[in-house]
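> Each chain, written out:
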Amino acid sequence: MSSNPPYPAGTVVAGKWRGNRYVVERLLGRGANGTVYLVKREGRREWYALKVGYDTLDLQSEINVLTSLQSCRKRNEHRARRENPLSSFLLEADDFVDGNNVPFYVMRYVQGKPLHLFLSKNGPSWLGLVGLKLLNNIRKLHECGFVFGDLKPENVMVSDYGEAELIDFGGASPIGRSVKQFTEWHDRGFWNAGSRTGDEGYDLFAFAILCLRLLNEQGLKTAATQLPQTRNVEELLRLARTLPDKKLASWLILAIKGGFSGSEQAMQTWKEHIYTPRTAKQENIATPRWLKSAFALSLFVLAITMFWLFRL
Amino acid sequence: MKQILLITDGCSNVGESPVMAAAHALQEGITVNVVGVVDYGTIGELGSREIADIAKAGGGISRIVGTPQLAQTMQMMTRKTVVQTIQLAVNKEVKKILGEGSLEELPPLQRSQVVTVVDELTETSDLRIALLIDTSASMKPKLSAVEDAIRDLALSLEAREGKSEIAVFHFPGRLSDGADLDMDWTNDVSGVRSLFSRLRMKGATPTGPAIFRVLEHYRYDTLDGYRDRRPAEDQGEGEGMIGGYVV
Numbered sequence: 000m001s002s003n004p005p006y007p008a009g010t011v012v013a014g015k016w017r018g019n020r021y022v023v024e025r026l027l028g029r030g031a032n033g034t035v036y037l038v039k040r041e042g043r044r045e046w047y048a049l050k051v052g053y054d055t056l057d058l059q060s061e062i063n064v065l066t067s068l069q070s071c072r073k074r075n076e077h078r079a080r081r082e083n084p085l086s087s088f089l090l091e092a093d094d095f096v097d098g099n100n101v102p103f104y105v106m107r108y109v110q111g112k113p114l115h116l117f118l119s120k121n122g123p124s125w126l127g128l129v130g131l132k133l134l135n136n137i138r139k140l141h142e143c144g145f146v147f148g149d150l151k152p153e154n155v156m157v158s159d160y161g162e163a164e165l166i167d168f169g170g171a172s173p174i175g176r177s178v179k180q181f182t183e184w185h186d187r188g189f190w191n192a193g194s195r196t197g198d199e200g201y202d203l204f205a206f207a208i209l210c211l212r213l214l215n216e217q218g219l220k221t222a223a224t225q226l227p228q229t230r231n232v233e234e235l236l237r238l239a240r241t242l243p244d245k246k247l248a249s250w251l252i253l254a255i256k257g258g259f260s261g262s263e264q265a266m267q268t269w270k271e272h273i274y275t276p277r278t279a280k281q282e283n284i285a286t287p288r289w290l291k292s293a294f295a296l297s298l299f300v301l302a303i304t305m306f307w308l309f310r311l
Numbered sequence: 000m001k002q003i004l005l006i007t008d009g010c011s012n013v014g015e016s017p018v019m020a021a022a023h024a025l026q027e028g029i030t031v032n033v034v035g036v037v038d039y040g041t042i043g044e045l046g047s048r049e050i051a052d053i054a055k056a057g058g059g060i061s062r063i064v065g066t067p068q069l070a071q072t073m074q075m076m077t078r079k080t081v082v083q084t085i086q087l088a089v090n091k092e093v094k095k096i097l098g099e100g101s102l103e104e105l106p107p108l109q110r111s112q113v114v115t116v117v118d119e120l121t122e123t124s125d126l127r128i129a130l131l132i133d134t135s136a137s138m139k140p141k142l143s144a145v146e147d148a149i150r151d152l153a154l155s156l157e158a159r160e161g162k163s164e165i166a167v168f169h170f171p172g173r174l175s176d177g178a179d180l181d182m183d184w185t186n187d188v189s190g191v192r193s194l195f196s197r198l199r200m201k202g203a204t205p206t207g208p209a210i211f212r213v214l215e216h217y218r219y220d221t222l223d224g225y226r227d228r229r230p231a232e233d234q235g236e237g238e239g240m241i242g243g244y245v246v
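From first to last, the protein sequence lines are chains A and B. Heads up, the first sequence is in numbering that gives the first Met the number 0, so the first residue is 0 and it goes up one at a time. Heads up, the second sequence is in numbering that gives the first Met the number 0, so the first residue is 0 and it goes up one at a time.
Keep in mind that the hints were calculated from the coordinates and are not lab data. The reader is advised that the hints may include incorrect statements.
[Unchecked claim] Which residues of chain A face chain B? A partial, calculated answer using Cβ under 7 Å: (1) Q59; (2) S60; (3) N63; (4) F88; (5) L90; (6) A92; (7) R195; (8) T196; (9) P227; (10) T229; (11) N231.
For glycine and all other residues, C-beta sits at the position ideal for the given N, C-alpha and C.
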């Protein structure tokens, strides 16, 4: 069932149950559970992403996660202000009639570049901002009772202006359950650093590896290709310590050791110590003494001048 | 749920047919998965056909991979087989209630509910996996990778909510043609260390008799632990749907 040749541009994907028709523009990528296309609803102008599943059960499981995320997000937004009307995870799910009834679902299209390409193009100075946005997304996910699981640069889309969005929720699972999908390097179990039970710390660990990978891929690779018996957290901590940004290094060390109480605390710490807006850096420069005396002198001269003027 | 995961790199050459042994396993409610491990060259047409046949007879999946993909493949197979077994049972119930055949034919809302149940059971049902490792001479360079993969599998199983246990056998055994038990049922990851360090490699590959040996172990153990596990199983019946499948 898997890895069929991709649908060519112009293919119309018509739903069996709801009857909506989507026109394929191009292939966007492949995930573990399916192939994602850029589509337009027939007769409309908005772009969507459409995921065609390899396996009905796996895709439905993913759809279930998205549905509960959606309703959780709606509840939260209702309480607070509405954040973004276009932030819906899931528009609809259906089966492709002409394509052997393969299941598909439609979601919003996240425009941008995968995180690693974004940073290599725009420079690592963006990490503070993009990392904060990413952590905020992870925090919101945790609030809804899910862990992301397969967190890696490929699953993070960044817009030209540094908006970060998670894509591919195929690996997401309820907190407390076992993690369904993971990538070796980003996996806590792979590093003998803890269990594969999905908790907030699991995502934070993967996030720390993601940062290490973005800043020192070669170092991480060397550590990862060691013998499994000798592969351990110490290697990761050593790598983190070599980073020039000491505040980032200590954040990463804490995340790798599982030292944060949760993603809320992790995000706040990141915000205070790593994400530093430019304005905070401008310090008040003390007025030099020579300027003060010069000012006093000019006042004195003015007074004399005026005195001299009025006397005449 | 009961599974056997056979890890081998070639053809059986002693004793009963492994395909028959796998068919017996399936008859007793044990799914048999097979991984063929090849690093250099190919496994040969005969070997790869046997691997596929054993899995087919045992109701499981077969894959042929190199050692780098071993850990990932073993987990994928285990998970997939668990899902399959549950899906089979759930589908049966769904058919009874709705009269519809497979998951694919269900309308979205019902499908979503069925999958929720399948996901729930996949995570929470009890699971036992007997790993059966071929330790004939040609497997020797791959054994450390196998051990690492077992440790990795145990780690994933440990994260499940349901009770998960593994046992490890290797074949050929010391005395008989069958298999020797290296590690009895456990859910302790730290137990998976230096399993095969004291092995003396032999040439023969009695895959069939080895599978029979594992079946025996399952049978023996079920009798032994029958009384202890009964009450827990009764509570599990609350699900109603797959009582027969929960060990």
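> To test your reading of the hints: which numbers does this structure violate?
4, 5, 10 and 11
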